[in-house]
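Keeping their order, the protein sequence lines are chains A and B.
Position one of the first sequence corresponds to residue 1 (full-length UniProt numbering), numbered consecutively onward.
Position one of the second sequence corresponds to residue 1 (full-length UniProt numbering), numbered consecutively onward.
It should be emphasised that the hints constitute simulated quantities derived from the structure, not laboratory data.
Among these hints, one or two may not hold up.
[What the hints assert, rightly or not] Simulated crosslink set (DMTMM-like; lysine to aspartate or glutamate; CA at most 20 Å straight-line):
#: 1; chain 1: B; residue 1: Lys10; chain 2: A; residue 2: Glu80
#: 2; chain 1: A; residue 1: Lys10; chain 2: B; residue 2: Asp5
#: 3; chain 1: B; residue 1: Lys10; chain 2: A; residue 2: Asp68
#: 4; chain 1: B; residue 1: Lys24; chain 2: B; residue 2: Asp66
#: 5; chain 1: B; residue 1: Lys64; chain 2: B; residue 2: Asp33
#: 6; chain 1: B; residue 1: Lys30; chain 2: B; residue 2: Asp17
#: 7; chain 1: B; residue 1: Lys39; chain 2: A; residue 2: Glu7
#: 8; chain 1: A; residue 1: Lys39; chain 2: B; residue 2: Asp5
#: 9; chain 1: A; residue 1: Lys39; chain 2: A; residue 2: Glu7
#: 10; chain 1: A; residue 1: Lys24; chain 2: B; residue 2: Glu80
#: 11; chain 1: B; residue 1: Lys10; chain 2: A; residue 2: Asp5
#: 12; chain 1: B; residue 1: Lys10; chain 2: A; residue 2: Asp51
#: 13; chain 1: B; residue 1: Lys39; chain 2: A; residue 2: Asp68
#: 14; chain 1: A; residue 1: Lys64; chain 2: A; residue 2: Asp5
#: 15; chain 1: A; residue 1: Lys39; chain 2: B; residue 2: Asp51
#: 16; chain 1: A; residue 1: Lys24; chain 2: A; residue 2: Asp68
#: 17; chain 1: A; residue 1: Lys64; chain 2: B; residue 2: Asp68
#: 18; chain 1: A; residue 1: Lys10; chain 2: B; residue 2: Asp66
#: 19; chain 1: B; residue 1: Lys30; chain 2: B; residue 2: Glu7
#: 20; chain 1: A; residue 1: Lys59; chain 2: A; residue 2: Glu7
#: 21; chain 1: B; residue 1: Lys10; chain 2: A; residue 2: Glu7
#: 22; chain 1: A; residue 1: Lys10; chain 2: B; residue 2: Asp33
[Claimed, not checked] Pulled from the structure, derived: some chain A residues nowhere near chain B, Cβ distances all over 10 Å:
#: 23; residue: Leu12
#: 24; residue: Lys24
#: 25; residue: Lys30
#: 26; residue: Ile35
#: 27; residue: Ala36
#: 28; residue: Lys39
#: 29; residue: Arg63
#: 30; residue: Asp66
#: 31; residue: Thr67
#: 32; residue: Gln71
#: 33; residue: Glu77
All values reported here derive from a predicted model rather than from experimental measurement.
In this text, a Cβ means the ideal position worked out from N, Cα and C, and glycines have one as well.
One-letter residues, chain by chain:
There are 2 protein chains.
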Amino acid sequence: MAGVDSELEKGLHAIVDSFYRYAKGPPGAKELDQIAFQKLLNNELSHQLTDVQSTEAGKNLLRKLDTDRNQHISFDEYWELITCVCQAIRRYHYSH
Amino acid sequence: MAGVDSELEKGLHAIVDSFYRYAKGPPGAKELDQIAFQKLLNNELSHQLTDVQSTEAGKNLLRKLDTDRNQHISFDEYWELITCVCQAIRRYHYSH
């Protein structure tokens with residue numbers, strides 16, 4: 001059991017870390033504002049989400065994810081995006 | 001945009017891949033039986049989920065995740081486990 005984290009374990013940490021590297025706010029209530037969200041999209045999802053790399057497209061995606069309408073993305077709202085991306089990977093790479 | 005996938009993108013692929021490396025069945029309907037699920041827990045989550053490394057504990061976890069009661073774990077049921085692990089990482093590493 002000792003030894004290096006698996007690719008899966010590294011991936012799980014990378015997902016949570018990707019949010020908190022850009023999120024701001026008090027402990028336990030950190031969120032992504034529109035600028036931070038766009039930076040995350042451009043820096044971390046530039047291959048997977050090519051169609052949201054422009055500011056306009058990023059704003060539209062933020063509006064879709066922002067279910068509590070506070071113009072910020074919480075971790076739970078971010079998780080919806082993560083779930084959608086994984087479903088797309090699944091459909092594209094594993095449905096045959 | 002060209003270039004290497006980000007750690008986040010690698011992580012997303014690693015999560016989906018971790019399921020399909022162990023799942024069996026027809027295209028679009030692959031699932032984990034109890035043996036495959038236990039192998040995944042032991043090989044891929046041995047650091048993150050230390051308390052489900054025994055067969056007995058793995059069977060209990062499978063029962064909890066197996067919402068359609070077919071003794072197998074579908075991708076959607078597996079995704080519940082992924083969500084729980086990420087919430088635990090979040091509470092443990094990012095709540096202060």
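Evaluation of the provided hints:
no., hint, verdict
1, B:Lys10 x A:Glu80, "holds, 18 Å"
2, A:Lys10 x B:Asp5, "holds, 14 Å"
3, B:Lys10 x A:Asp68, "violated, 30 Å"
4, B:Lys24 x B:Asp66, "holds, 16 Å"
5, B:Lys64 x B:Asp33, "holds, 14 Å"
6, B:Lys30 x B:Asp17, "holds, 12 Å"
7, B:Lys39 x A:Glu7, "holds, 15 Å"
8, A:Lys39 x B:Asp5, "holds, 16 Å"
9, A:Lys39 x A:Glu7, "violated, 25 Å"
10, A:Lys24 x B:Glu80, "violated, 27 Å"
11, B:Lys10 x A:Asp5, "holds, 14 Å"
12, B:Lys10 x A:Asp51, "holds, 19 Å"
13, B:Lys39 x A:Asp68, "violated, 40 Å"
14, A:Lys64 x A:Asp5, "violated, 34 Å"
15, A:Lys39 x B:Asp51, "violated, 37 Å"
16, A:Lys24 x A:Asp68, "holds, 17 Å"
17, A:Lys64 x B:Asp68, "violated, 30 Å"
18, A:Lys10 x B:Asp66, "violated, 25 Å"
19, B:Lys30 x B:Glu7, "violated, 27 Å"
20, A:Lys59 x A:Glu7, "violated, 32 Å"
21, B:Lys10 x A:Glu7, "holds, 9 Å"
22, A:Lys10 x B:Asp33, "violated, 24 Å"
23, Leu12, "violated, 6 Å"
24, Lys24, "holds, 13 Å"
25, Lys30, "violated, 8 Å"
26, Ile35, "holds, 18 Å"
27, Ala36, "holds, 14 Å"
28, Lys39, "holds, 12 Å"
29, Arg63, "holds, 22 Å"
30, Asp66, "holds, 19 Å"
31, Thr67, "holds, 17 Å"
32, Gln71, "holds, 22 Å"
33, Glu77, "holds, 14 Å"
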